[in-house]
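Trainee: Mind docking chain F on chain Z? Use the hints.
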Amino acid sequence: DQQVKQNSPSLSVQEGRISILNCDYTNSMFDYFLWYKKYPAEGPTFLISISSIKDKNEDGRFTVFLNKSAKHLSLHIVPSQPGDSAVYFCAASGGQNFVFGPGTRLSVLP
Amino acid sequence: DTAVSQTPKYLVTQMGNDKSIKCEQNLGHDTMYWYKQDSKKFLKIMFSYNNKELIINETVPNRFSPKSPDKAHLNLHINSLELGDSAVYFCASSQNPGLFGDNEQFFGPGTRLTVL
Numbered sequence: 001d002q003q004v005k006q007n008s009p010s011l012s013v014q015e016g017r018i019s020i021l022n023c024d025y026t027n028s029m030f031d032y033f034l035w036y037k038k039y040p041a042e043g044p045t046f047l048i049s050i051s052s053i054k055d056k057n058e059d060g061r062f063t064v065f066l067n068k069s070a071k072h073l074s075l076h077i078v079p080s081q082p083g084d085s086a087v088y089f090c091a092a093s094g095g096q097n098f099v100f101g102p103g104t105r106l107s108v109l110p
Numbered sequence: 001d002t003a004v005s006q007t008p009k010y011l012v013t014q015m016g017n018d019k020s021i022k023c024e025q026n027l028g029h030d031t032m033y034w035y036k037q038d039s040k041k042f043l044k045i046m047f048s049y050n051n052k053e054l055i056i057n058e059t060v061p062n063r064f065s066p067k068s069p070d071k072a073h074l075n076l077h078i079n080s081l082e083l084g085d086s087a088v089y090f091c092a093s094s095q096n097p098g099l100f101g102d103n104e105q106f107f108g109p110g111t112r113l114t115v116l
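Same order as they appear, the protein sequences are chains Z and F.
Here our numbering is used: the first residue of the first sequence is 1, the next is one more, and so on.
Here our numbering is used: the first residue of the second sequence is 1, the next is one more, and so on.
Isolated chain Z, as found in the complex (with noise of 0.2 angstroms):
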């Protein structure tokens, strides 16, 4: 049972456009959300995060939006660059639970 999903394995876009990552959640206990990023033969490494209480989080050209009651959030890159090109995970926690999603491939090209 995936109780949190990224539907998308894989998603490319072109340099400088918008990149939207979708994941959603089962779990109605997950009270926070990170995304963390990973390069092949790397970590993971964080990026951002959101707490429930809050519908937007935004750093620098990242902004994750949370819509609880769809329990689905996103995380947008603008402008997407080259070195953006990573698996974005999507992971959430809450009730002693922190389960991450299978990740989504971002290609952005030149």
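These aren't lab readings, by the way, just hints derived from the structure by calculation.
Incorrect hints may appear among the rest.
Per label pair, the in silico range of CB-to-CB distance [said to hold, decoys possible]: (1) Z:I18 x F:N57: 35 to 45 angstroms; (2) Z:N97 x F:N26: 20 to 30 angstroms; (3) F:D70 x Z:G16: 47 to 57 angstroms; (4) F:N96 x Z:M29: 13 to 23 angstroms.
Going by beta-carbon spacing under 7 angstroms, a handful of chain Z positions derived as facing chain F [stated by the list, open to error]: (5) G43; (6) F46; (7) F100; (8) P102; (9) G103.
Straight line, CA to CA, 30 angstroms or less: simulated DSSO-like cross-link-like pairs of lysine-lysine [said to hold, decoys possible]: (10) F:K19 x F:K36; (11) Z:K68 x Z:K54; (12) F:K44 x Z:K56; (13) Z:K68 x F:K41; (14) F:K19 x F:K52; (15) F:K44 x Z:K5; (16) F:K71 x F:K22; (17) F:K19 x F:K44; (18) F:K44 x F:K9; (19) Z:K5 x Z:K71; (20) Z:K71 x F:K41; (21) Z:K68 x F:K36; (22) F:K36 x Z:K71; (23) F:K67 x F:K22; (24) F:K9 x Z:K5; (25) Z:K68 x F:K44; (26) F:K67 x F:K36; (27) F:K40 x F:K22; (28) F:K41 x F:K22; (29) F:K52 x F:K71; (30) F:K22 x F:K52; (31) Z:K54 x Z:K5; (32) F:K19 x F:K9; (33) F:K40 x Z:K71; (34) F:K40 x F:K19; (35) F:K44 x Z:K71; (36) F:K40 x Z:K5; (37) F:K36 x Z:K5; (38) F:K67 x F:K44; (39) Z:K54 x F:K44; (40) Z:K56 x Z:K5.
Quick reminder that beta carbons are idealized off the backbone N, C-alpha and C, glycines included.
Mentor: Using the frame of chain Z, we list chain F on its own:
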């Protein structure tokens, strides 16, 4: 000066063998974790230690035994390796215990284990 380091980076071994993966963090964090990334790329937590004490132990075979000699180290020992143990294992650390809240985890580079 790597924050979270793991050794070895690659490990190839035969079924039935016993092997260990070492993890060290120099961030001064109190909590360390082991994750397994399976063939479907899911990252799943296995164990968590806070100040050398086990606080999370997910459903993993008891062939897997974590050992924390001090709070900067969390080693993973695996007995009687099986084919299904082949995966990438990530160590991580965080300042605070518990898998909740604003508790950013820092990951090591991973150890790719291949069991033949």
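Trainee: Could you run down the list of hints and mark each one as holding or not?
Mentor: Quick rundown of the hints versus the structure:
1. Z:I18 x F:N57: 35 to 45 angstroms: Given about 42 angstroms between the Cβ atoms, the range holds.
2. Z:N97 x F:N26: 20 to 30 angstroms: Given range 20 to 30 angstroms: holds, Cβ gap about 29 angstroms.
3. F:D70 x Z:G16: 47 to 57 angstroms: holds (48 angstroms)
4. F:N96 x Z:M29: 13 to 23 angstroms: holds (19 angstroms)
5. G43: holds (3 angstroms)
6. F46: It holds, given that the least Cβ distance between F46 (chain Z) and chain F is near 5 angstroms, below 7 angstroms.
7. F100: Hint holds; F100 (chain Z) Cβ to chain F Cβ min 4 angstroms, cut 7 angstroms.
8. P102: holds (5 angstroms)
9. G103: holds (5 angstroms)
10. F:K19 x F:K36: Holds, at about 15 angstroms.
11. Z:K68 x Z:K54: Distance of about 9 angstroms is within 30 angstroms: holds.
12. F:K44 x Z:K56: holds (27 angstroms)
13. Z:K68 x F:K41: holds (26 angstroms)
14. F:K19 x F:K52: holds (21 angstroms)
15. F:K44 x Z:K5: OK: K44 (chain F) and K5 (chain Z) at ~13 angstroms, within 30 angstroms.
16. F:K71 x F:K22: holds (13 angstroms)
17. F:K19 x F:K44: holds (20 angstroms)
18. F:K44 x F:K9: Distance of about 19 angstroms is within 30 angstroms: holds.
19. Z:K5 x Z:K71: Since the Cα atoms of K5 (chain Z) and K71 (chain Z) sit roughly 11 angstroms apart, the hinted pair holds (cutoff 30 angstroms).
20. Z:K71 x F:K41: holds (22 angstroms)
21. Z:K68 x F:K36: Distance of about 29 angstroms is within 30 angstroms: holds.
22. F:K36 x Z:K71: holds (26 angstroms)
23. F:K67 x F:K22: Given that 30 angstroms is the threshold and the Cα spacing comes to 9 angstroms, the pair holds.
24. F:K9 x Z:K5: holds (29 angstroms)
25. Z:K68 x F:K44: Since the Cα atoms of K68 (chain Z) and K44 (chain F) sit roughly 24 angstroms apart, the hinted pair holds (cutoff 30 angstroms).
26. F:K67 x F:K36: holds (16 angstroms)
27. F:K40 x F:K22: With a Cα-Cα distance of about 24 angstroms, the restraint between K40 (chain F) and K22 (chain F) holds, given a limit of 30 angstroms.
28. F:K41 x F:K22: Cα-Cα ~22 angstroms, so holds.
29. F:K52 x F:K71: holds (5 angstroms)
30. F:K22 x F:K52: Holds, at roughly 15 angstroms.
31. Z:K54 x Z:K5: Distance ~21 angstroms between K54 (chain Z) and K5 (chain Z) Cα, so the pair holds.
32. F:K19 x F:K9: holds (13 angstroms)
33. F:K40 x Z:K71: holds (23 angstroms)
34. F:K40 x F:K19: Holds, at roughly 23 angstroms.
35. F:K44 x Z:K71: holds (21 angstroms)
36. F:K40 x Z:K5: Distance of about 13 angstroms is within 30 angstroms: holds.
37. F:K36 x Z:K5: holds (17 angstroms)
38. F:K67 x F:K44: holds (19 angstroms)
39. Z:K54 x F:K44: holds (26 angstroms)
40. Z:K56 x Z:K5: holds (20 angstroms)
Violated hints are absent here; each numbered hint is respected by the structure.
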